[in-house]
Each structure stands twice: as structure tokens, then as C-alpha cells.
Amino acid sequence: MRTTLFRQLHRKFGPPADPVSRRRFLQLTLAAGAGTYLSCATGFGRGKGTGPRVVIVGAGFAGLACAYELQGMGYRVTLLEARRRSGGRVHTVHGFIEGKTIEGGASLIGLNHPTWMTYAERFRLDLLDITAEPETVDVPIVLDGRRLSREEGDELYESLGEFEKAIVEEARAIADPYQPWTSPRAAELDRKNLGEWLRALALPERTRRLVEIVETNNNTVSVDRQGLLGVLSAVAGGGGEAYFTESEVYRCKGGNSRLVEKLAAELSPGTLRLGTPVEAIEYDDRGAVVRAGGETLEADYVVLAVPPSLWGKIDLRPALPANLTVQMGPAIKYATKVDEPFWAAENWSQYGIGDGDVGMTWDATFQQLPDSGPRALMGFAGGPGAQACLSVAEGDRDAFFEAQLSAFFPDLPEHFLGKRAFFRWPEDPWTRAGYSVPAPGEITAAGPRLTSGLGRLRFAGEHTNFAFFGYMEGALGSGARLARRLAEEDGLAPTRLRAAG
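Mapped onto the working numbering, the consecutive letters of the sequence shown carry residue numbers 1 to 501.
Misleading hints may appear alongside valid ones.
Stated by the list, open to error - Restricting the straight-line Cα-Cα distance to at most 20 Å, the calculated cross-link-like pairs of lysine to aspartate or glutamate (EDC-like) are:
1) K337 to D398
2) K419 to E340
3) K419 to E402
4) K192 to E169
5) K419 to D398
6) K313 to E282
7) K192 to E212
8) K253 to D428
9) K192 to D224
10) K253 to D129
11) K337 to E394
12) K192 to D176
13) K337 to E402
14) K165 to E205
15) K313 to E295
16) K337 to E98
17) K337 to D396
18) K419 to E98
19) K253 to D126
20) K419 to E394
21) K313 to E427
22) K337 to D411
23) K165 to E133
24) K262 to D126
25) K165 to D154
26) K337 to E414
27) K253 to D396
28) K165 to E196
29) K419 to D339
30) K192 to E164
31) K262 to E121
32) K253 to D371
33) K165 to E155
34) K165 to E241
35) K313 to D126
36) K337 to D371
37) K313 to E279
For the record, the hints were derived by calculation from the structure and aren't laboratory data.
My request is simple: use the sequences and hints to build the entire structure.
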């Protein structure tokens, strides 16, 4: 929830929000999608299924989007998924609060996320605006175990604006956030880390510390392990200032898994095979052979759409180059059922930020009807905090998380209804991580080959999309953009899309 602080900054010190400008921004986002994806072209969906054979490994958002886009252009697609469900790290949970949903995995959608917004419009998915809190609420900020007063919080905001201005200006150096290694200063920026860049800014100590807390939790590793080129690519990809105000503004009504269901339903019968882990892939410049579930599949292309944390489970021949991986960090979520949004009664925001092991909070059921009744207060940790949460013994876990969440909301024990859920993605055998953030040096080393592929082996996933790494948009966009690149290579892309660039 990086944007929480910056929305508060703009709310307190910026001009009033302009709904006309926001609608215009949405139109531009949709236009960007329309000029990029095969599924936006006339004739999409009329393919006869006689095109090249593609085996896609992993039915998360990247694999689903790639399969949907390719199949609509006539490619013969097989989509293999080890789990008994599709969606990967997108996992909507029903029943934690009666009649409502919570997200066990990826949660947030941006107005500046072109693939998500394009698919939401195409499949008629309603989005819930999670920014619609009263103008008067304050963000609970916890430092050294103490919740800052409202006045102390206000003192942070003006210097927080200096950080935003500085990094937006620095991000102008990124020529193409999808291919940041093409920027003139790419090598220089990729050698640096975010931590050293932050320490060079003339920020008050408390403000710098708060930025480090936010970026460590959001990007799942310490700021000294985050490559500056990657962070700047994300800022540029999100639209500069819009990265801080429009990147985390929606959830999908009925759950993000609704898009999983919509994409899967568009695939031809037999395309998606669940419970089918891939054992081995052999590839060269002419084609590939995949072994999965006791079957051997021949393909013209193989798309590896699982995170680097899982590549070691597959016997890849030839082996992948050592410098092809992108860093993955740990992330966890912990939900508690409470009787009402009690924080609102004291004019506090649901969105908390702090330096404890649980670094962020929010109401996971916000904007879902009915507006009254129980809510799900979600705690989130990324990076070292997530590792600390995972190391807590099972018998001590509930008391640990109650103490962590009570630092933000001291009245929590009085409102707790006895139900909890712990989402441990680093311990999931088919994930083994939270999500990606490029380390120093990784984009210039791995980026070009992740984009072009190795012979007939291609790559998709949020870790390959440097404009939106860590977001669902990163996964969706990577799959859709790869589908377009393959169609262009094979001379199957519609002329209008080829001209769009």
C-alpha cells in the first residue's frame, strides 16, 4: 500500500481531485491497451487453431493472458498448471466474512494498469474504489512501537513530497520502462541501489526512515537490495506522479479471481490442464519438448510463466544461464475478523504503516456491501518483516500478530471475533516467494534475454515486466505482450497492431 501516504499527502496539501482528469487518465490507459494487445484487433477469436503449437507452463495471470491472446489468433495452446486451481498468486477467498471476499494473494489494481483496465472493460468486471475514505482521516504511523500523533504525522508529509518529486524527476531518465536497459544511463543506474540514492537526498531522518519502511515492505527486500534502475522503471511505468496516486486504487468486485475465471473460460476445452506439474523441458532454436504428467508434448514454443523461485523444479536442457534470474522477496498476509470498522470511529484510516514486523494494514473488505457488520483487518509484511513473521512458532503466532496489529489499533482485542487466516506464499510449494524486485545489476544482465527468450523458450511473469513488477498488471501485461511478440515473429499479428508499435 505504497500509495496510502502519498494520497494523504496530495489530499492534505494538493489541489482537490479532478474527476474529469481521472476519466481522461482512464481513457489514455485504455487507449494504451488497445494499441498493444492482439485481443483488441479486428478478427481476434476467429483463428482456426492451425497456427504454431505453444506450451505454456504456469496458469497464473501471465500464463492465462498469454494463452488467451495467442489462442484468439489461431495458435494451438496447451496451458499446464501444477496446482489444482488456476490463478497462481491471485487467490480470492470466500467465506472468511459471510457474503464478502478477501484476497489471499495479489490485491491491488491501478488506474494506470493498462492490461487490467482493458480486461476489466472487456469482461465487464466492476472495480471497487478503495481510496474512498473520508477526507478527514489520518494514517496511523507506528515508529519504535509508538503510534505517532496526528500532528507528528502531518509534519512528515511535506518532506515526503520532496522524496516524491526527486524520484519522479530521476525516473525521467527511463526511455522505455518495459526495456529500461535501453536508457542512456542504464548501466550507471543499475549499479546503484535505492538505499544509497535515498541517503544522498536531503531528507529529515524520520522521513527517510518512513520511506525505507514503505519501500522495504512493498518491494519485499531492504532498500539496499533494490536496484535503482528497477525502482525508476516502475515509477516511469506508472506514469511518474501517477505512480504514487493511481497505482493502488481498485479491487475487483467479487474478487480478483473473477478475471482468472473469465480468462480460463475463454480457452478452448482441453487447453488448461490442472494438477500437471512440468518435469522437464528441452529446447533449441527449432522447437521444444515438454514432459509433464507422464506425457511428452512437442511444441514450436514453450513459455515459462512461473517465477524464478520455481525454475529449479524443472529439468531444463540446456540449463538456464546463471544471470537470467530476477530477485524474489518474501511476503505474507494475516487476516483477522473484527466486528466493525472500529478505527473509523476515532478518525483513523484503515491503512496503517509502521516499522514492526507487520508493516502495513488495511480493511480487506472495504467497499463491499453490506457496509455494516464484520470486517477483515489485514496485516501485511514484506522483506525481513515477512521472514520474522514466518519464523514465529505456531503456538505463539496468534498472540504475535495481535500485538503487531494492536500497535496500529490498540482497541483491536475488544473487537476481535476469533477468526484468523495466515497466507504464507514463501512456504507454498508452487510459489516459494512473495514477488519480484530487481537487484542491482539484474535488469541489464537478464532483461534483454528475458524479453527475447532463449531459442524457442520464452518467459512471462511479473518478474519479466519491469514497468509493473510485483503487481498483477506485471503478470497480465507480460503474457499479453509476449503473445504479441510471438505473433509478430510469425507474421500473424494484425497490421493495425504492427503499426501501433
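Cross-check of the supplied hints:
1. K337 to D398: holds, 13 Å
2. K419 to E340: holds, 14 Å
3. K419 to E402: The hint holds at about 12 Å.
4. K192 to E169: Distance of about 17 Å is within 20 Å: holds.
5. K419 to D398: holds, 10 Å
6. K313 to E282: Holds, at about 14 Å.
7. K192 to E212: Holds. K192 to E212 sits at ~16 Å (cutoff 20 Å).
8. K253 to D428: At roughly 26 Å apart (the allowed maximum being 20 Å), D428 and K253 break the hint.
9. K192 to D224: OK: K192 and D224 at ~9 Å, within 20 Å.
10. K253 to D129: OK: K253 and D129 at ~10 Å, within 20 Å.
11. K337 to E394: Judged against 20 Å, a Cα distance of about 19 Å means the pair holds.
12. K192 to D176: With a Cα-Cα distance of about 19 Å, the restraint between K192 and D176 holds, given a limit of 20 Å.
13. K337 to E402: Holds. K337 to E402 sits at ~12 Å (cutoff 20 Å).
14. K165 to E205: Cα-Cα ~17 Å, so holds.
15. K313 to E295: The hint holds at about 17 Å.
16. K337 to E98: Given pair K337, E98 holds - Cα atoms ~11 Å apart, limit 20 Å.
17. K337 to D396: Roughly 18 Å separates the two Cα atoms, so the pair holds.
18. K419 to E98: holds, 12 Å
19. K253 to D126: Holds. K253 to D126 sits at ~5 Å (cutoff 20 Å).
20. K419 to E394: Holds - the C-alpha atoms of E394 and K419 are around 15 Å apart, at most 20 Å.
21. K313 to E427: It holds: about 15 Å lies between the C-alpha atoms, which stays within 20 Å.
22. K337 to D411: This hinted pair holds, its Cα atoms lying about 13 Å apart.
23. K165 to E133: violated, 25 Å
24. K262 to D126: holds, 13 Å
25. K165 to D154: Roughly 18 Å between the alpha carbons, so the hint for K165 and D154 holds.
26. K337 to E414: Status holds; Cα separation ~12 Å.
27. K253 to D396: violated, 35 Å
28. K165 to E196: holds, 17 Å
29. K419 to D339: holds, 11 Å
30. K192 to E164: It holds: about 18 Å lies between the C-alpha atoms, which stays within 20 Å.
31. K262 to E121: holds, 12 Å
32. K253 to D371: Since the Cα atoms of K253 and D371 sit roughly 14 Å apart, the hinted pair holds (cutoff 20 Å).
33. K165 to E155: holds, 17 Å
34. K165 to E241: Answer holds: K165 to E241 is near 8 Å, not above 20 Å.
35. K313 to D126: violated, 37 Å
36. K337 to D371: Given pair K337, D371 holds - Cα atoms ~15 Å apart, limit 20 Å.
37. K313 to E279: This hinted pair holds, its Cα atoms lying about 7 Å apart.
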